[in-house]
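Quick note on numbering: the sequence shown equals residues 1 to 132 in this note's numbering.
None of these hints come from the bench; they were simulated from the model.
Please note that a few of the clues may not be correct.
Mimicking EDC-like on lysine to aspartate or glutamate, the simulated pairs with C-alpha atoms at most 20 angstroms apart in a straight line are [what the hints assert, rightly or not]:
hint: 1; residue 1: K91; residue 2: D61
hint: 2; residue 1: K95; residue 2: E73
hint: 3; residue 1: K52; residue 2: E79
hint: 4; residue 1: K21; residue 2: D61
hint: 5; residue 1: K95; residue 2: D61
hint: 6; residue 1: K89; residue 2: E79
hint: 7; residue 1: K52; residue 2: D15
hint: 8; residue 1: K8; residue 2: D43
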Amino acid sequence: MTGSNEFKLNQPPEDGISSVKFSPNTSQFLLVSSWDTSVRLYDVPANSMRLKYQHTGAVLDCAFYGYVLSSIEGRVAVEYLDPSPEVQKKKYAFKCHRLKENNIEQIYPVNAISFHNIHNTFATVMTELCLQ
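All chains, please: the whole structure from these sequences, using the hints.
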């Protein structure tokens, strides 16, 4: 602890943190996504990292059922934390933020992702301020 309202993570991400979420059922667990291409699960009272998922690109947002990866090529992949085969079968990826004019396709990077915790949906935003 650094102050009454501050908490320093043990084994923090190596780059900027993109999202922080407490578990919906308890404040014991904290899920952190980062520009360092990782998603980390922390046990807050023990100040220890329980799990770390590493990827090839920045992870912009996370939720306790899973997280979404995005790329500068306008692609999005949905991953799940539960390692069971039936849950892992639900993973999917798709292309987004593409505009076609005069038979030329413009591809825009995904700059932001936000989860809706109640409905388990998410939105992505590109540089041209289009929401999908």
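For this session: Run the structure past the numbered hints and jot down the numbers of the failing ones, going up.
Result: none
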